[in-house]
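Undergrad: From first to last, the protein sequence lines stand for chains A and B. Be aware that the first sequence starts at 1, since it is given in the numbering used here, and climbs by one per residue. Be aware that the second sequence starts at 1001, since it is given in the numbering used here, and climbs by one per residue.
Think of the hints as simulated: they come from the structure by calculation, not from any bench. Wrong hints could be hidden among the right ones.
[What the hints assert, rightly or not] Below, a list of computed lysine-lysine pairs in the DSBU-like style, where the Cα atoms sit at most 30 angstroms apart: (1) A:K61 - A:K75; (2) B:K1173 - B:K1102; (3) A:K373 - B:K1223; (4) A:K396 - B:K1024; (5) A:K257 - A:K435; (6) B:K1196 - A:K373; (7) A:K389 - B:K1024; (8) A:K373 - B:K1024; (9) A:K396 - B:K1196; (10) A:K141 - B:K1133; (11) A:K311 - B:K1133.
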Amino acid sequence: MSSTVLKMIGIGKSFPGVRALHNVTFTAYAGEAIALLGANGAGKSTLMNVLGGVIRHDDGKLEIQGKSVEFKNPKDAQAEGIAFVHQEMALLPTMTVMDNMFIADFPKRWGAIINRTEMRNQCTEVLERLGCRISPDNYIKNLGTGDRQMVEIGRALLGNNRIFIFDEPTSSLTKGEKDNLIKVIERLKREGMAIIYITHFLSEVYDICDRVCVLRGGEVAGGGLISEVSMNKLVRMMVGDVKIGDRGSERNTAARKPIFQVDELNRRGVLENINFTLNKGEILGFWGLLGSGRTETARAIMGLDTVDSLKISTWKDDRLTEVSTEFVQHNIGLITEERRVDGLFLPMSVSRNMSMANLRNIRKKHSAVIDRKREAELSREFTDRLNIKITSIEQKVETLSGGNQQKVILGRWLEVNPDILIMDEPTRGLDVSAKAEIARIIVRLAKEGTSIILISSEIEEMMSLCDRFLVFNKGRIISNLEYGVSQEELVGLAAGTADASKRVMA
Amino acid sequence: MSNKPNDDGLFPAVDQQLLSLRLKRLVQRAFPLLVVVLVLLFISLLVPRFFHPRNLKNILVQSSTLGLMAIGMTLVYLIGGMDLSIPSVMAVSGIMGAMIMKSGGSPVLGVIITIAAGAVVGAVNGLSVSFLKMIPFVVTLAMMQVMSGISTWVTNSVSIAVPLDYIDIILFKIGELPLPVYLFVTLTIVSTYFCKSTIYGRWLYAIGTNLESSKVCMIPVRKTIFLTYTVSGMFAGLTGVLLTARLGAAGPLMGSSNVILDVMSASVVGGVSIYGGVGSPLGAAVGAVVITVLNNVLNLLRVDFFPAQVIKGVIVIVFVAFDSFGRSHRRQG
Chain A
1 MSSTVLKMIG
11 IGKSFPGVRA
21 LHNVTFTAYA
31 GEAIALLGAN
41 GAGKSTLMNV
51 LGGVIRHDDG
61 KLEIQGKSVE
71 FKNPKDAQAE
81 GIAFVHQEMA
91 LLPTMTVMDN
101 MFIADFPKRW
111 GAIINRTEMR
121 NQCTEVLERL
131 GCRISPDNYI
141 KNLGTGDRQM
151 VEIGRALLGN
161 NRIFIFDEPT
171 SSLTKGEKDN
181 LIKVIERLKR
191 EGMAIIYITH
201 FLSEVYDICD
211 RVCVLRGGEV
221 AGGGLISEVS
231 MNKLVRMMVG
241 DVKIGDRGSE
251 RNTAARKPIF
261 QVDELNRRGV
271 LENINFTLNK
281 GEILGFWGLL
291 GSGRTETARA
301 IMGLDTVDSL
311 KISTWKDDRL
321 TEVSTEFVQH
331 NIGLITEERR
341 VDGLFLPMSV
351 SRNMSMANLR
361 NIRKKHSAVI
371 DRKREAELSR
381 EFTDRLNIKI
391 TSIEQKVETL
401 SGGNQQKVIL
411 GRWLEVNPDI
421 LIMDEPTRGL
431 DVSAKAEIAR
441 IIVRLAKEGT
451 SIILISSEIE
461 EMMSLCDRFL
471 VFNKGRIISN
481 LEYGVSQEEL
491 VGLAAGTADA
501 SKRVMA
Chain B
1001 MSNKPNDDGL
1011 FPAVDQQLLS
1021 LRLKRLVQRA
1031 FPLLVVVLVL
1041 LFISLLVPRF
1051 FHPRNLKNIL
1061 VQSSTLGLMA
1071 IGMTLVYLIG
1081 GMDLSIPSVM
1091 AVSGIMGAMI
1101 MKSGGSPVLG
1111 VIITIAAGAV
1121 VGAVNGLSVS
1131 FLKMIPFVVT
1141 LAMMQVMSGI
1151 STWVTNSVSI
1161 AVPLDYIDII
1171 LFKIGELPLP
1181 VYLFVTLTIV
1191 STYFCKSTIY
1201 GRWLYAIGTN
1211 LESSKVCMIP
1221 VRKTIFLTYT
1231 VSGMFAGLTG
1241 VLLTARLGAA
1251 GPLMGSSNVI
1261 LDVMSASVVG
1271 GVSIYGGVGS
1281 PLGAAVGAVV
1291 ITVLNNVLNL
1301 LRVDFFPAQV
1311 IKGVIVIVFV
1321 AFDSFGRSHR
1331 RQG
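Take these sequences, add in the hints, and give me the full structure.
TA: Written as structure tokens, this is what we have:
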């Protein structure tokens, strides 16, 4: 058996209100690839950030080649030969391959002058080791995604690293590029490197990895040699035997009344022929991996991105009427994924944040003047209804906790009271009780007749809330499933393992 | 503490708390300005002629032109933009108006052409920034260059005199003060009310605070940005009307590039953030008076032009530093 390169023993890490990692033991061996799996929020990134020296762990210890180490910062981790091959590539597009590879540490002559000959030689050598034919003098901007990744790997190789962490490396690669990457990883293994491979695509794990470690809720849920674990078993490890907080009889499945329809939504390279119907009072789940087209579809409907084609219609008295983007914008609310980036106005007050989408409706008669009294009344009403904890409606939103911030955004749309609400990851980053509270609000809204499109990466949340699921994969809707489908099937479909062909929408 | 209405239907506790919160914020924001005002007051006590009625009147008249430009600039700052072309646009519009009147146009036509010219250039700025997504700094800097080029070229560096009846109309005196002062005060009030109390004003703050969130809130972002630059151009044009009347002629020197520093200083000293979303026209107007007083005092103390430049430049830097510090402090807090 090959030798142990990395040992993380009993790692624990807590953030305020959340236990991100608990007693996680993780081992990587030279010449082997180990897959690190887990649902979103399972603790994968936290564990890797500990390994990369980005965050300090509370408990446990790290050993590299039998020697106990402690990382105070990313530099310490680098010094021990740990290299990240990033998902978001950190290359400089207007510089050459060679410049990018050496940017952190140029070979120098006389202390200050860059030694280009040396650089070219080393660069060529590394590229040969990787078996790729890129010129060291080519500019990054001229390279495809796969080649850029090779440059990243090359950079990691130059630093004499021994542990390579790949985070979702194939998510934006073509088939050919993917095959090439697998070959390169094989080479790295033969050279005795330890590979840590993070992915959502389970089939890749079987192609590339020798071992697997599954995290769930910050703990190790299982693992071992990949040859001894079936794919079904992997999925079950990731999902766990969770009780589904069921909406039960409240579920809206009986008399479906369509109110909204999207046809022929296309956006080159991103979305392909998206069609679906939304019913009144329904919670429709958009399920899929990051980048599968869930968020992109929501943005396209709202007119936030330009698309190649899109037809939006509403049902009224059993008749289908096509409507304009403007109509959509006034009748659909969107709760975005990153509330701090494109949701809130952080330095503004709670009241202003809540009224922002509703200003047209709270002006004084025949004027553009805002009715401040009405604004305050509505803010008070909805902060009460949503149980938002504030000292005054004039409190700045940036001083609120994540859960309360999210509720402010919910309140914003409740003020407008649209027929349709699209919620993109409404509970991300919230603690358990805040999550439950948001979920309760969602259910109540649906019960009151609002149709909701829910996008969430948390399977339990989706299972407990949705009446129906549309499964997205690589920009297409591959499946339309009723409530009652198993978690395994949902996870499998999104990861592209289960057979979706039988369930493609009519 | 609660935000629930009391049983008696009023919210005295909340209101009081709210009031004190607002007061605290105001004091926080106005503190640097207060310091400057005090320093200036102290200095002006040393300058014998400062409190002479004619000098004070002069300050108000001069503030009005600077103030109107600063209000235009403030609207642009609020949406997180920048308009360096204001003084040069002001000069070109003034020259346009003067040329129309020279070739026989009536004073009224002169006024209309002057303001319209400003609006057109502002619209071009707005178009470039909002719809063509160009960077405001570069667009308006280039526009400043174009406009000063045009004003020198068209006039051959010679001022164009305006008719006397035009001057009489624009500088019409009500009581002790001429029309521009009243115009300045009125527009300060109107634009402050606009910013603070109307939907469109709220949109300006929203866009300057977070462009992406604004889009999600279905605010017509591009249209608003476009119109803001157009309005800024109109303010420049209006200033052109007033300054031309005061000088009795329109010429390229009206919009020399050091005027832009005064306009920026007025806004920044008045508590407007160059990062967008913070400040008000009222603040800018007060800032304009402060900067005019500063100019006046430096002048009375016979400080040379160049040292005066240095002093004013330093003031802008200090205020922008306050602004940045406040932001980073807030982010960490």
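Undergrad: Would the pair K396 (chain A) and K1196 (chain B) pass a check requiring their Cα atoms to be no farther apart than 30 angstroms?
TA: 17 angstroms, holds
Undergrad: Given the hinted pair K311 (chain A) and K1133 (chain B), is their Cα-Cα distance within 30 angstroms?
TA: 27 angstroms, holds
Undergrad: Has the given pair, K1173 (chain B) with K1102 (chain B), been kept, meaning a C-alpha gap of at most 30 angstroms?
TA: 24 angstroms, holds
Undergrad: Given the proposed pairing of K389 (chain A) with K1024 (chain B), does the C-alpha separation stay at or below 30 angstroms?
TA: 22 angstroms, holds
Undergrad: Below or equal to 30 angstroms on CA atoms is what counts here, so check K396 (chain A) against K1024 (chain B).
TA: Holds: K396 (chain A) and K1024 (chain B) sit about 14 angstroms apart, inside 30 angstroms.
Undergrad: Does the structure keep K257 (chain A) and K435 (chain A) at a Cα separation of 30 angstroms or less?
TA: 29 angstroms, holds
Undergrad: Is K373 (chain A) close enough to K1223 (chain B), meaning Cα to Cα at most 30 angstroms?
TA: 28 angstroms, holds
Undergrad: Does K1196 (chain B) pair with K373 (chain A) here, judged by a C-alpha cut-off of 30 angstroms?
TA: 14 angstroms, holds
Undergrad: Given the hint that K61 (chain A) pairs with K75 (chain A), does the C-alpha gap stay at or below 30 angstroms?
TA: Given that 30 angstroms is the threshold and the Cα spacing comes to 18 angstroms, the pair holds.
Undergrad: Given the proposed pairing of K373 (chain A) with K1024 (chain B), does the C-alpha separation stay at or below 30 angstroms?
TA: 22 angstroms, holds
Undergrad: Going straight from one Cα to the other, do K141 (chain A) and K1133 (chain B) come out at no more than 30 angstroms?
TA: Cα-Cα ~22 angstroms, so holds.
Hint violations for this structure: none, all hints satisfied.
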